[in-house]
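**Student:** Sequence:
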Amino acid sequence: MVCVKIRATLLLASMGAWAGCSYTPGFDSPNPQMRMMATVQAADSTDPADYPKLVAQLDDDDADTRMLAITVLERRTGTTRGYDYAAPRAEREASVKEWQAWAEQYARQQSVGRSSGSRRGKRKGSERSG
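Under the numbering used here, residues 515 to 644 are what the sequence shown spells out, in order.
Some hints could be false.
[Said to hold, decoys possible] Calculated lysine to aspartate or glutamate pairs in the DMTMM-like style (CA-CA distance at most 20 Å, straight line):
| id | residue 1 | residue 2 |
| --- | --- | --- |
| 1 | K611 | D575 |
| 2 | K611 | D564 |
| 3 | K611 | E588 |
| 4 | K567 | E612 |
| 5 | K567 | D598 |
| 6 | K611 | D598 |
| 7 | K611 | D573 |
| 8 | K567 | D578 |
| 9 | K567 | E588 |
| 10 | K567 | E618 |
| 11 | K567 | D542 |
| 12 | K611 | D574 |
| 13 | K567 | E607 |
| 14 | K611 | D558 |
[To be verified] Distance ranges between label pairs, derived from CB positions:
| id | residue 1 | residue 2 | range |
| --- | --- | --- | --- |
| 15 | D578 | Q614 | 13 to 23 Å |
| 16 | A577 | V626 | 33 to 43 Å |
| 17 | A601 | A557 | 18 to 28 Å |
| 18 | S543 | R603 | 16 to 26 Å |
| 19 | Q619 | N545 | 28 to 38 Å |
| 20 | V626 | Y537 | 28 to 38 Å |
| 21 | P602 | D542 | 23 to 33 Å |
| 22 | T560 | A615 | 18 to 28 Å |
| 23 | D575 | A608 | 15 to 25 Å |
| 24 | Q624 | A557 | 15 to 25 Å |
| 25 | T560 | A604 | 25 to 35 Å |
| 26 | T538 | A604 | 31 to 41 Å |
Think of the hints as simulated: they come from the structure by calculation, not from any bench. Backbone N, C-alpha and C fix where the C-beta goes; we use that ideal spot for every residue, glycine too.
Turn these sequences into a full structure, and let the hints steer you where they fit.
**Tutor:** In structure tokens form, the structure reads like this:
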């Protein structure tokens, strides 16, 4: 019970610090807390454009940011691809590269899907007018 109260107090204090901060949440923010906020916001997002940004966070200098990023990626994709946020950078490197390759392939698949979908839409429109 005491532990829960301490955690709640720390959470409220940190939220107050964020509220008074001039930074806004963003993956590119110089402030690690703002990068973490962007990562938390991406947890419930379905935007595929978030994937490369989340993957980039896996190589962040801040361990908490890395932990949040892999947690969100695992939640959204169902896998960690062997990534360990607490491992030394040299040990994380292979997993980060694997995530980067996955994100690039995913982005290509999404762009192919969007472009083929737009062609179908044009064909339907031309059938109706003709």
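**Student:** For each hint, tell me whether it holds in the structure or not.
**Tutor:** Status of the hints after comparison with the structure:
1. Proposed proximity of K611 and D575 is supported: the alpha carbons are some 16 Å apart, at most 20 Å.
2. Restraint check: the Cα-Cα separation between K611 and D564 comes to about 17 Å, which is no more than 20 Å; the hinted pair holds.
3. As the CA atoms of K611 and E588 are separated by approximately 16 Å, the hinted pair is consistent with the 20 Å bound.
4. A C-alpha spacing of about 15 Å is found between K567 and E612, which places the hinted pair at or below 20 Å, so the restraint holds.
5. Taking the CA atoms of K567 and D598, the gap is near 18 Å; set against the 20 Å cutoff, the hint holds.
6. With a CA separation close to 13 Å, the supplied pair K611 and D598 stays within the 20 Å bound.
7. For the given pair, K611 sits about 10 Å from D573 by alpha-carbon distance, which is consistent with the 20 Å threshold.
8. For the hint linking K567 to D578, the alpha-carbon distance of about 16 Å falls within 20 Å, and the restraint holds.
9. For the hint pairing K567 with E588, the CA-to-CA distance comes to about 14 Å; that is within 20 Å, so the pair holds.
10. At roughly 11 Å between alpha-carbon atoms, K567 and E618 fall within 20 Å of each other, so this suggested pair holds.
11. Distance restraint check for K567 and D542: the Cα-Cα separation of roughly 9 Å lies within the 20 Å cut-off, and the hinted pair is therefore satisfied.
12. With a C-alpha separation of about 14 Å, the suggested pair K611 and D574 falls inside the 20 Å cut-off, and the hint holds.
13. Our distance criterion of 20 Å between C-alpha atoms is met by K567 and E607, whose separation comes to about 16 Å.
14. A distance of roughly 24 Å separates the Cα atoms of K611 and D558; the hinted pair therefore is violated under the 20 Å criterion.
15. Range check, D578 to Q614: Cβ separation about 21 Å, and the 13 to 23 Å hint holds.
16. Range check, A577 to V626: Cβ separation about 36 Å, and the 33 to 43 Å hint holds.
17. Our hint of 18 to 28 Å for A601 and A557 holds, since their Cβ atoms are close to 22 Å apart.
18. For the pair S543 and R603, the supplied restraint of 16 to 26 Å holds, since their beta-carbon distance comes to about 21 Å.
19. Look at Q619 against N545: about 31 Å separates their beta carbons, and that is inside 28 to 38 Å.
20. The hint said 28 to 38 Å for the Cβ distance between V626 and Y537, and at roughly 36 Å that hint holds.
21. Between P602 and D542 the C-beta distance comes to about 25 Å, which sits within the given range of 23 to 33 Å.
22. Distance hint for T560 and A615: a CB-CB separation of about 22 Å, consistent with the stated range 18 to 28 Å.
23. At about 19 Å, the beta-carbon gap between D575 and A608 stays in the expected band of 15 to 25 Å.
24. Checked against the hint of 15 to 25 Å, the pair Q624 and A557 passes, with Cβ atoms roughly 19 Å apart.
25. The hinted range of 25 to 35 Å is satisfied by T560 and A604, whose Cβ atoms lie roughly 34 Å apart.
26. A beta carbon spacing of about 33 Å between T538 and A604 agrees with the range 31 to 41 Å that was offered as a hint.
The structure fails to meet hint 14 from the earlier list, while all remaining hints are met.
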